[in-house]
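K.L.:
Once you have looked at the hints, place chain D on chain W.
Respectively, the protein sequence lines represent chains W and D. Just so you know, we're using UniProt numbering here: the first sequence kicks off at 1 and counts up by one. Just so you know, we're using UniProt numbering here: the second sequence kicks off at 1 and counts up by one.
Everything labelled a hint here was simulated from the structure, so no lab data went into it. Wrong hints could be hidden among the right ones.
[As the list claims (entries may be wrong)] Covered stretches of chain D, as calculated for chain W (at least 3 residues, CB under 8 Å):
id, region
1, 38-48
2, 134-145
[What the hints assert, rightly or not] Computed Cβ-Cβ distance ranges for the label pairs, DEER-style:
id, chain 1, residue 1, chain 2, residue 2, range
3, D, Gly521, W, Arg134, 50 to 58 Å
4, W, Gly108, D, Glu258, 27 to 35 Å
5, W, Pro512, D, Ser62, 36 to 44 Å
6, W, Arg350, D, Gly521, 54 to 62 Å
7, W, Leu131, D, Ala13, 54 to 62 Å
8, W, Ser244, D, Thr28, 51 to 59 Å
9, D, Leu131, W, Ala205, 34 to 42 Å
10, W, Asp428, D, Gln115, 36 to 44 Å
11, D, Ala248, W, Gln364, 51 to 59 Å
[Unchecked claim] Every beta carbon over 12 Å from chain D, so not counted as near; a handful from chain W, in silico:
id, residue
12, Arg202
13, Ala343
14, Pro369
15, Glu382
16, Pro440
17, Asn452
18, Ala501
Here a beta-carbon is modelled for each residue, glycine too, at the ideal position from N, C-alpha and C.
Below, each chain spelled out in residue letters.
Protein chains: 2
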Amino acid sequence: MTLEGKLLIGQQAVAGASEPIQAIDPSTNQRLEPAYAGGTAHDVDRACGLAWAAFDRYRETSLEERATFLETVASEIEALGDTLIQRAVAESGLPRGRIEGERGRTCGQLRLFAQVVRAGEWLDVRVDPALPERQPMPRVDLRQRHIALGPVAVFGASNFPLAFSVAGGDTASSLAAGCPVIVKAHSAHPGTSELVGRAIQRAIAQCNLPEGVFSLLFGSGREVGTALVADPRIKAGGFTGSRSGGLALLKVAQNRAEPIPFYAEMSSINPVFPLPAALEARGEEMAKGFVASLNLGAGQFCTNPGLVIAEQGAALDAFVATAGAALKESAAQTMLTPGIYDAYQQGVARLASHDQVREIARGQVGETPNQCQAGLYVTSAEAFLNDEALQEEVFGSTSLVIECQDAAEVKRVADRLEGQLTITLQMDDADHDAARALLPTLEHKAGRILVNGWPTGVEVSHAMVHGGPFPATSDVRSTSVGTAAIYRFLRPVCYQNLPDALRPEALKEANPLGLKRLYDGRREG
Amino acid sequence: MTLEGKLLIGQQAVAGASEPIQAIDPSTNQRLEPAYAGGTAHDVDRACGLAWAAFDRYRETSLEERATFLETVASEIEALGDTLIQRAVAESGLPRGRIEGERGRTCGQLRLFAQVVRAGEWLDVRVDPALPERQPMPRVDLRQRHIALGPVAVFGASNFPLAFSVAGGDTASSLAAGCPVIVKAHSAHPGTSELVGRAIQRAIAQCNLPEGVFSLLFGSGREVGTALVADPRIKAGGFTGSRSGGLALLKVAQNRAEPIPFYAEMSSINPVFPLPAALEARGEEMAKGFVASLNLGAGQFCTNPGLVIAEQGAALDAFVATAGAALKESAAQTMLTPGIYDAYQQGVARLASHDQVREIARGQVGETPNQCQAGLYVTSAEAFLNDEALQEEVFGSTSLVIECQDAAEVKRVADRLEGQLTITLQMDDADHDAARALLPTLEHKAGRILVNGWPTGVEVSHAMVHGGPFPATSDVRSTSVGTAAIYRFLRPVCYQNLPDALRPEALKEANPLGLKRLYDGRREG
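Chain W on its own, in the form it takes in the complex (with noise of 0.2 Å):
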């Protein structure tokens, strides 16, 4: 299979003109065939034109036909074979075992969205049926169900070039709730997103869908992005990345004339709170749980731990003594890009010479290009309240330990934290006061709270929330992981007094799709 380096646009695949990108291997600063040239505000524009002219058909594919739809797409990842695992880990920098455990969580992450969409539950359909002999009014039949919204703009990210890129999360959430799809890859793995983008487009064809029902564009800078998120044919958009890249889209999608949804999950340092009882019984074996999840894909998790906060004494410092210890072992790993790389660097030299923060441990130093040195730092409670710089996420392996004096202290960090996508407590039987009593505070702050576990490793089921609080998201209502998402993706619309000819199928009164509606303020069973 060999990379074209184009566009696809619809069942095209397009030259670009503009500005190329060109992927990098991080492990050797070696440039990777072919380059990409970027595409062009016309190419936006029949991307656009293509999803708008495919949306009603799409949005009224039946459950089955969209469902299967899903399934082929993932079945189309999968006959890549070897050639998807081998660009994804010379883009990414990743072990080949991550890439390939990533590829089965995407391709289990759009089956899992063919059974939500053959279930129907995400229609929300409800009938209030007429009563004519109402008084002193009779009441109207109305019967609500959910819509696609219209053609959604996907942003890849660059630390899941599979599980949150070109057929990731928002886009299988997407495809699910009807809407088509126009991705902005990211400029980090081109060429793993043409060979996932010809999957999709051959998923397309065999399922005889109109081809506007997927677009794949690439671009060096922000105008391709800019100029997908205002086309007034885009309905909705989907971010994971940057703050400030999410912020500049998210103020593009606001200030339209039309101003469209726009979720961006953005920065978060997922707090550990290791609580007394279990910091004293267990610290040691905890600090080593800790560094592995600080460690994990080097750090570049968007549930990476970036803060532990506990009360300072002994237990604390033995904790603190350990995970140095385990750090200062830990390999370097390649980031995924120079970029992130030299972002990190920045990032804990902003961290290390400030002058309330001092280093515990330092990982081994890398031996080749755009290794992440690992670090652990340690501030007071008194110098993290007065500092807001100190909540700066630092993307990488790199954490920072607060000691509080007492459980008031460790409140009052915990009121003053930004929003965040998770919040951890390590716990005995004995804190569950001490967990009590925080469980507020953590439930305004984070979108999951999580017990004696580790934020990294983030399930795709029906209870997962990825989300949380701004700044971890832009949008505190909804989750970009597990099938929740598809409500992203949705508006409600209501029938009134349509005869049941001209209902849809999820709205007949016949119920020909079996669905347990809301029939009257009673679910059917």
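P.N.:
Chain D alone, transformed into the frame defined by chain W:
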């Protein structure tokens, strides 16, 4: 019951210290006592402080406790008796029957939300139980529930002094979701607002809830509202009113350090499409129904039919002639405020002076102040397509008929419409194909599509959608009327491996609330 003219902050009545507002009886232009001195930044701060202090307790009230509170609010509003009716009539110029009906709707709405709270579906409980034996990785226990967003800023609307005001839809759905509410009263009906606010205060005291669950602020300009939406303790907003007012507050919500959801319901001209067979068969009856809907409440409904779009010809001419004749007989009705009357006069003058618009009829001239003289105008589809200004809402009993050359031109006009709350089809069996061809476009444009009825009159029920694409609302994903409105003020939180003793009631394994959970992907029966 004597009106005090004070802000209600928690359980206190507090004298304002900024420029006062005073209601005007629009039927006489007489000022109504007392004056309400406006709130200051300090008052906003106090109300927000109390709301935040009340939030954690209020959001964790049991389903029964919260439902009983909503019902107590309804009872306390009813206990105001005729005092409330008289004051609302005086402040709004609306007929007594209408205000009585609106009180019934307001209290019914609170009681319906009490039922919704008790049923607990809004918690959307999802449980993915642990799978310790799963390969290659075990699954942890994951449980999701929805919790309240936080204190909500609600803006009272002029046109429904009860149902969209202090204890109106936004307040009812916020309180149902577990959010404390701070209302910025509409300056047109401060006395009505005070009465209802005191009823809510009494319900809070009776139910032993923290006082910060509700506050009521007054203010003459935009300062109080702006300060309220900007306050970091406010986590969402609800607004019904003008496009300029809604957009200004939306910008405040978006430009905060932490942006928040802001639900503004703004402008809609609610197009009506009489399809050919129906127009031919019953154009005369249809014209009368149309004029009755247009005149309801002096045309001051969000769902007032401000646009009629049909194919030209004898049938449309007859419809227009009949509607014109009915409209000529329409009595003038008092509008809500002198300001709304002035804006109406300007809007009609703008339309009447348009060189492509011709007047068909005007209603009766008023004999008392601020009376709305109905108006019916006609223009061509070509003129409409060439001038966006012809889509501007004229708030009051004026409508514009668009004559189209053929069905294709009807479709082009539909394509060009802005987002709407409602779109109405008048159709007979022979119109099914025409309706089928239009429906996808109408679904893009409106939150509610109705057949052979009139858009005024919005049922408060489960299937209702009172929402729609921008500029009808600022957020197409929701409704402001009906039980689904509770979802506007909720966010998902996931708990991973939280011990059962610490889980909220809704998430305990034994399911003490008897919820129909999504358990391991299957809906419990």
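K.L.:
Please go over all the hints and tell whether each is borne out by the structure.
P.N.:
A quick look at each hint next to the structure:
1. 38-48: That given contact is violated, which follows from only 0 residues of the region 38-48 of chain D lying within Cβ reach (below 8 Å) of chain W.
2. 134-145: holds (count 6)
3. D:Gly521 with W:Arg134: 50 to 58 Å: violated, 39 Å
4. W:Gly108 with D:Glu258: 27 to 35 Å: Because 34 Å falls inside the window, the suggested range holds.
5. W:Pro512 with D:Ser62: 36 to 44 Å: holds, 39 Å
6. W:Arg350 with D:Gly521: 54 to 62 Å: At roughly 45 Å between Cβ atoms, D:Gly521 and W:Arg350 fall outside 54 to 62 Å, so the hint is violated.
7. W:Leu131 with D:Ala13: 54 to 62 Å: violated, 42 Å
8. W:Ser244 with D:Thr28: 51 to 59 Å: At roughly 58 Å between Cβ atoms, D:Thr28 and W:Ser244 fall inside 51 to 59 Å, so the hint holds.
9. D:Leu131 with W:Ala205: 34 to 42 Å: holds, 37 Å
10. W:Asp428 with D:Gln115: 36 to 44 Å: At roughly 42 Å between Cβ atoms, D:Gln115 and W:Asp428 fall inside 36 to 44 Å, so the hint holds.
11. D:Ala248 with W:Gln364: 51 to 59 Å: holds, 56 Å
12. Arg202: Holds, because the least Cβ-Cβ distance between W:Arg202 and chain D comes to about 28 Å, which exceeds 12 Å.
13. Ala343: holds, 23 Å
14. Pro369: Given that every Cβ of chain D is farther than 12 Å from that of W:Pro369, nearest at about 31 Å, it holds.
15. Glu382: holds, 22 Å
16. Pro440: violated, 4 Å
17. Asn452: violated, 6 Å
18. Ala501: violated, 6 Å
Violated hints, listed in ascending order, are 1, 3, 6, 7, 16, 17 and 18; each of the other numbered hints is respected by the structure.
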